[in-house]
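2 protein chains.
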Amino acid sequence: MASNIDIPTPRHKVNPTLTEERLKATFDPNRITHLLDDSSAGTKRRHYLESLIENDPSNVFNNDNNNYLHRTDRHINSLAKFVRLIEICRSIGVGDDDNGLLKVDTDFSTLLNCVADDLPAALHWVMFVPNILSLADDEQQKEWLKMCRDWKMIGCYAQTELGHGSNVRALETTATFVKDKNDGHFIINSPTLTSFKFWPGTLGRTSNHAMVIARLIDGEGIDRGMHNFLVQTRSLDDHSLMPGVVCGDIGPKIGYNNMDNGFAKFDHVKIPRRSMAMRFAVVDRNGVYKKKIISDAASKINYITMMQVRSYIVRAASLALRMGTTITIRYSAVRKQGFKTEMGGMKEEHQILDYKQQQYRLFPLLAASYCFFFSAKRVHDNLKSIENRLMNLSNNQQSISKIEVGDIHATTSCLKSFTTAITADGLEDCRKSCGGHGFLASSGLPELINSYLQNPTVEGDNAMLPMQVVKILLKLVKDVQSKDTKAIGEWSKCNSSYLIEPVQAMLNRNEIPSCDVSTREDMLDVSVCLKAFQHRAARLLVNLANQIQAEVMEGKSFETAWNGALIQMGRVSKAHSLYLLLSNFIDGIKEASKTVLGPNEARVLGDLALLFGLYWIEKDSGEFLVDGYFSAQQMQWAHVSILVMLDKVRPNAVALVDANDFSDFRLKSALGRFDGNVYEAIMESAKKDPLNSTEPGPGYEEHLKRLIVDGVGVYTGTASRL
Amino acid sequence: MASNIDIPTPRHKVNPTLTEERLKATFDPNRITHLLDDSSAGTKRRHYLESLIENDPSNVFNNDNNNYLHRTDRHINSLAKFVRLIEICRSIGVGDDDNGLLKVDTDFSTLLNCVADDLPAALHWVMFVPNILSLADDEQQKEWLKMCRDWKMIGCYAQTELGHGSNVRALETTATFVKDKNDGHFIINSPTLTSFKFWPGTLGRTSNHAMVIARLIDGEGIDRGMHNFLVQTRSLDDHSLMPGVVCGDIGPKIGYNNMDNGFAKFDHVKIPRRSMAMRFAVVDRNGVYKKKIISDAASKINYITMMQVRSYIVRAASLALRMGTTITIRYSAVRKQGFKTEMGGMKEEHQILDYKQQQYRLFPLLAASYCFFFSAKRVHDNLKSIENRLMNLSNNQQSISKIEVGDIHATTSCLKSFTTAITADGLEDCRKSCGGHGFLASSGLPELINSYLQNPTVEGDNAMLPMQVVKILLKLVKDVQSKDTKAIGEWSKCNSSYLIEPVQAMLNRNEIPSCDVSTREDMLDVSVCLKAFQHRAARLLVNLANQIQAEVMEGKSFETAWNGALIQMGRVSKAHSLYLLLSNFIDGIKEASKTVLGPNEARVLGDLALLFGLYWIEKDSGEFLVDGYFSAQQMQWAHVSILVMLDKVRPNAVALVDANDFSDFRLKSALGRFDGNVYEAIMESAKKDPLNSTEPGPGYEEHLKRLIVDGVGVYTGTASRL
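Respectively, the protein sequence lines represent chains L and H.
1 is the number of the first residue of the first sequence in this note's numbering; add one for each residue after it.
1001 is the number of the first residue of the second sequence in this note's numbering; add one for each residue after it.
Certain hints may be false.
From the derived model, a few chain H residues whose C-beta atoms are all more than 10 Å from chain L [what the hints assert, rightly or not]:
| id | residue |
| --- | --- |
| 1 | P1016 |
| 2 | M1306 |
| 3 | S1482 |
Listed below are several chain H residues computed to face chain L (Cβ distance under 7 Å; list not exhaustive) [what the hints assert, rightly or not]:
| id | residue |
| --- | --- |
| 4 | G1165 |
| 5 | N1563 |
| 6 | H1703 |
Derived from the structure by calculation, the hints contain no laboratory data.
From the three backbone atoms N, C-alpha and C, an ideal C-beta is built for every residue, glycine too.
Generate coordinates for the entire structure from the input sequences, incorporating the hints supplied.
What follows is the structure, given as structure tokens:
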């Protein structure tokens, strides 16, 4: 038995190095915590909800053994957690509105975060219910939402197919109308292997209903394209599969393994006619298809609602990066390596956090973690205000232009793409910058990273989104070019408005502007960075427009010209996001200074904004040098300014991650503990591995013994070299 | 039961799209296979060894269920595989030299690769035995190596400690000499928690001996620094722990989980005096410490041997990247998405591989996968030839200068750092570019990536190595500056020789050179890229030297100036590697054209070399624009030239990954199969998940049923909002 492993248990006394770091801070971390929770009341509420989970007497939420369990056991545990979570929600009224109806509640999201583990059925609430709210008609909503609220119906959103990802038009599943003596019905069918539904979360094992996206064939045999159909997949009595339905789990993934992402094959499954979501179109009992006349506002609300998912993704990027930097910066403060030569004979080691290349890896990510928060908030508020405007309109009155819709689409697309890319890479860089121990599951980073890795791919693959961004921004160029004053007026109310003026100037072939900084000190000004980002985005966009135009004039097909420009589109999209991110960062700090932040906190966040700007200017230096916007001298100043800002951020680094206020329960990291007793925690965790449960270890008797004792490996001299 | 999942099994007929791709190739993939295997005989030998594993009647090597097993079971299976592998080796004489003595055999490495799974005890052969060969004296070798050969002694190399990574000087484990009536002995002790040995592979469960790096305290109580001590950790009879030793596994990691990386605590463990490895120093029975007089050549051979590990790491980077690109390029050829607009009404979808941004992601990685191969080979040959020169010297005759040793150190350090960074990021980008299915374990990419991720950290953390590179290259600058002709003569025989001339010119403040390309077509010349890399490396190096010098003159401490330059050191190191990589790529193709490659193959590899060069010029465009070496116009031509090269590589892409000649057994990827029947393979794999073993799935009865049937989630209207 390995119980003789004699390891000191964590001391629960804070590592003095961390205490010193905390004393260095020039600001009050609590005020930033309130900012992240929206208000001090928000922080209080979160603490209350966290305590419900962390102190739950059932102990079902304990995550201590997560890393040591087989995937199947983790899935089972996560089901147990979910049932208990719903029990808690019911007991405190989370999820009900004032009339006992269903409410998609922010408290519910907070509780999900507090659980600090992925729960399969969460998607019911996060994707399935909103889908019904968007696409079902009033009568359907009344019936279905009650079942959803009571957790009788557990649903998933089944769009992608084995052979078809984001290209919705290529989906093969069919829903064919069949007239009968009664109301009529649909036959849902998977005609090919590639048409199997594949990937939907909770489809495999947990859900009993699926909102299936299928090609509608109406009563006349006409293909009406994609529509949504509610298909019951499992019995409500015993969870057995419904006739003609086969579902299962798609197997282990790089991360997110509690979730039963599933596949489904539908073999001529019969569903009632009224299972088609009928808010926007109906098929009547004779099989006649009809689009409903929906107010412009109503259809746009629907669109806007869908775009909110992207603002959540940006917020999730911030959250994940804040967790990653919390772990890594705390550990880099307590981890020591390399002797101080200046100390002479003394054998004191450096804190890793004092090395400039470590600061250069981590502080820009720290800055990004806050930066993304402000953009997520801004975009969310933006979408909410559009939604409110639309809600308060009388029918058919148009209040939001196509341009405004396009602009917000471009904004969310480029932000989704850029923030998830930076976060995925950034988390991995956090892990690498923890050295060997970042490789340990007990560091908390592997699971954080691997579960995060879905984000660059879902809700619009990061490689594809830039095309959509560019398509919209090219419209702006065209409107400016053709001097369409009405359109320009619309653009000027949008996020992309900053592009109008420089695009205009470039199209008029005005003199190329350049950065006007003339001393190193002047470079320490965030508006210099913002102007540079503005210029760069406009320049890349206009170049792209000119290039496509020129190639088409030369006789290339539009498709070929477009394909040849795809690489640059990624750069345009990135440039657009960087302007928006920095601009929202600056505005956000200003805004928050009127409420929760004091001047010290605003100053510290301002340092991060400046570091963020300078870092990305140097990172993309070629794009600022190529047209002479920056001179070599200015670029050199930018580099030196980065070093200045790293020094400035250094004393506040630990306090800035403390401000995230993640409990140890949530971080699940031996390296990121608040008390900094990392080595005790690592050993404590290692003891739990099942490989240590017997002495000698598993596999010795059956295998290793044959080699060492039985002599399988002994040289006999009889083998001739083959 | 889920056995009713009715999935078509793979057709074992090649996907016609892949057949078409293969017909497009302009060269013979077999000839490139021979290059990668060193000769056609090498390919034949590999095929023979592969067949021993893949067709082994015991079926113990089957990897089909790997993704579905708990870590403990995978560890056990890997022990079974290892024992069987040794049995096979014994039967064909692999591992024995002609006299029945131990031989670290390339066939053994090939067999390890063929197993396509990580085997814990492999490190015995790869790290432990070479360590004995380097550091033990003749008598010790005689005794120990026999036990190693017979697999009685299974060893590991125990250096790093819980609180101390690569800073060897900070290690805390002690080996204190104690005089006794007989021969004297050492006491090995772990005085603190942070001194626990932590990380060594196979230390936890598999090995029975450890080569422990400890601080030697001799008979006079004098600290003699780090030395190696062979410590028996487990009984040879029953694998039980030796008195005073506690070892165990350190727990799960982001990857490489078959391996029992371990910890060890030594509580005053007594070992014989002669357990200290005594090739370079001895402690006699009275406790007197003495360094041995070793020939300059002998100590250098030792150093050179250790550096070979880095050449293996570069080779492993090539191998991993070749696997990643094989999977991704094949899948991108058969995966279709987005309708062809040019086809009018036809509903044909594009091959993903036709999108320029997909080519831009994958082809430079394809190029890198070959590029790294040539550098690994070159460095390996380089080290071997130095070793041979040293072997053929009479004692004390010096034949290889300190400069030459430094140069090869800088070369291996920068190549290790750059190639492992590019490979780790590149594999992840391969995964992302497979869209959703790259997230599946059955794609083969998650395990490939996660096990690879140790490489940027081990054998010199990538973030630290650039300092060592720069330290050495600054010596070159100094020698050039001080016009030390003897030293310059030495440098001119080295890998860094290309730096001498441009460094000289810069120090003399000659006119800054610039790229002389004057048409777009002239940019399609790999020597243009090579010259650019040469200039960039020299410029960054000289700038760095000047900066440190200037800051010290201004009164900063050297340590502060050095710390402030760390970020730039990373850039110098990268610039140095890029020159070496491209130069070795070009030379390697030329060399191979004399033997295995025909003109067609050389041309195709030449296309990759040019793409590699152009890609990295654009990627780092700022560094080429900032001093005017490239003009904006030239940089634009470089971009267009990349597009030209992507087009050129496109028809050969599938054949170029076929040339790697990985069997499906080795790739373990549903997406990368030679026959391209990816969707059948994905479903085939999904069926195996234990979550699909019962219907309804695990956890329904205990948990989910409470929610759906028992009504835990039903709204009761009694909860008041808390």
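key: Beyond 10 Å from every chain L Cβ - status for H/P1016   = holds (15 Å)
key: Closest C-beta approach of H/G1165 to chain L relative to 7 Å, hint status   = holds (5 Å)
inquiry  = Using the nearest Cβ pair, does H/H1703 come within less than 7 Å of chain L?
reply    = holds (4 Å)
Verdict on H/S1482 as a residue remote from chain L, using beta-carbon distances over 10 Å = holds (24 Å)
key: Beyond 10 Å from every chain L Cβ - status for H/M1306   = Answer for H/M1306: holds, closest chain L Cβ roughly 19 Å.
Residue hint H/N1563, partner chain L, criterion CB-CB below 7 Å = holds (5 Å)
The earlier numbered hints are all upheld by this structure, with none contradicted.
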